[in-house]
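Colleague: Sequence:
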Amino acid sequence: MTLEFNRIGLIAKLDPGVSETLATLAAFLSGLGCTVALERETASLLPGSGHEIYEAPALAASADLLITVGGDGTLLGAARLLADRDIPLLGVNLGRLGFLTDISPTGMTERLAAILQGEFDEERRFLLRTEILHEGRVTTSQLAFNDAVIHKWNTARLIEFETYVNGRLVEFQRSDGLIISTPTGSTAYALSGGGPLMEPSLDAILMVPICPHTLSNRPIVVGGGSLIELIVCGSTDPQNVRVSCDGQPGQAIERGDVVRISRHPRDIRLIHPKGHDHFNIMRTKLGWSEHPTPS
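The sequence shown maps to residues 625 to 919 in the numbering used here.
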C-alpha cells in the first residue's frame, strides 16, 4: 500500500485517560508500515513503546504529518510548533467541543486509513503574531492560532487602552480587555464575548471587547492584512495588564509599551476527513435546532 504520509509524529494531552486511544493509534499506524515518533512528554503515556522520541520542535521538523490526541488546546500548541513548517496537522478529539479536532476515537482507524491513502480535505488557516515593543524594540514575540488577548491582571478595575488599526485611532476603551481573534478563534473566547462566528477561510481579524464600559462598543472585523496596535493609557497601571496568546501564561508590559498584532506570513495546513463540512460541525457542536418536523 502506498501511503500519503509515512512518518507520523504524535503529540497527546498529558492525561492518563488518553493513553488507551494513543496506544491504539500508534499500533495502528505501525501496522500500516508508518514510522511513529512521539513527543517526549507524550512518550511518558506509552512507556517502553519502542517508538522514536523527540523534543517537540525536533518532532515537528521531522514528521510528514503531525497528529494530536486530546482537545483543541492540544492542537493549538501543535499549530504554533508548525507555524514555519509546511507540515499538515490532524486532530483526534478527546476533549469537549472539539471544533478543530474532528476525528473521534470511534471509527478513528477507518478514517485514518482513508486519510493515509490520500482521501482527505485540506485547508489553510492563518495565525497571529503578537509582539510587545518597548522603546521601539521588540522584547517579546508570540504566535496565536486562536487569539491574542490584552486583559486585566490581578485587579478588579477596568483597564484603559487605545486601539489603532493601520496607524489610525479606532477607539479609546475602558474594559476588562480586548480579544483579537483569527477566524479559527471565532468559536473560542471571542464567541463567549459576543463576537460573530467567522467562516475559517475568511481573510479577516476579529476584535471583541471584554465587558466594555460603553454599551455602544461592539465587535469589529478588520482585514486580515491589518496591523493592530494597543497602547495602555490613562490611570491604568501596566503591572495590572497582561497579554496572552491562545490562553498561555500572560506576558507583562511596561508603561509606554506597544502591543502589535498582525497576521503571521505562513499558514497552517489543517487536515480533515473527506467531506469535511464546517457548518455541519457548527450545528452539531453548538446545538443549533434542526429543521422543523410537520406534526
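Bear in mind the hints are in silico, worked out from the structure with no lab data behind them. All figures in this text were calculated on a predicted structure; none of them were measured in a lab. Wrong hints could be hidden among the right ones.
In silico EDC-like links for lysine to aspartate or glutamate, alpha-carbon gap of 16 Å or less [said to hold, decoys possible]:
id, residue 1, residue 2
1, Lys898, Glu734
2, Lys898, Glu628
3, Lys898, Glu743
4, Lys776, Asp861
5, Lys776, Glu878
6, Lys898, Glu786
7, Lys776, Glu786
8, Lys776, Glu734
9, Lys637, Glu679
10, Lys898, Glu679
Colleague: The structure should be examined with respect to each hint, and the outcome stated for every one.
Modeller: To see whether the hints hold, each was checked on the structure:
A distance of roughly 12 Å separates the Cα atoms of Lys898 and Glu734; the hinted pair therefore holds under the 16 Å criterion. Note on Lys898 and Glu628: the hinted pairing holds, with a Cα-Cα distance of about 14 Å set against a maximum of 16 Å. For the given pair, Lys898 sits about 6 Å from Glu743 by alpha-carbon distance, which is consistent with the 16 Å threshold. This hinted pair checks out: Lys776 and Asp861 have alpha carbons roughly 10 Å apart, not beyond 16 Å.
About 13 Å separates the Cα atoms of Lys776 and Glu878, which keeps this hinted pair within 16 Å; it holds. For a cut-off of 16 Å, the pair hint linking Lys898 to Glu786 is broken: about 44 Å separates their Cα positions. As the CA atoms of Lys776 and Glu786 are separated by approximately 14 Å, the hinted pair is consistent with the 16 Å bound. Annotation: proposed proximity of Lys776 to Glu734 is violated, straight-line Cα distance about 46 Å (limit 16 Å).
The suggested pairing of Lys637 with Glu679 holds, with an alpha-carbon distance near 15 Å, which does not exceed 16 Å. With a CA separation close to 31 Å, the supplied pair Lys898 and Glu679 exceeds the 16 Å bound.
Violated hints for the displayed structure, listed by number in ascending order: 6, 8 and 10.
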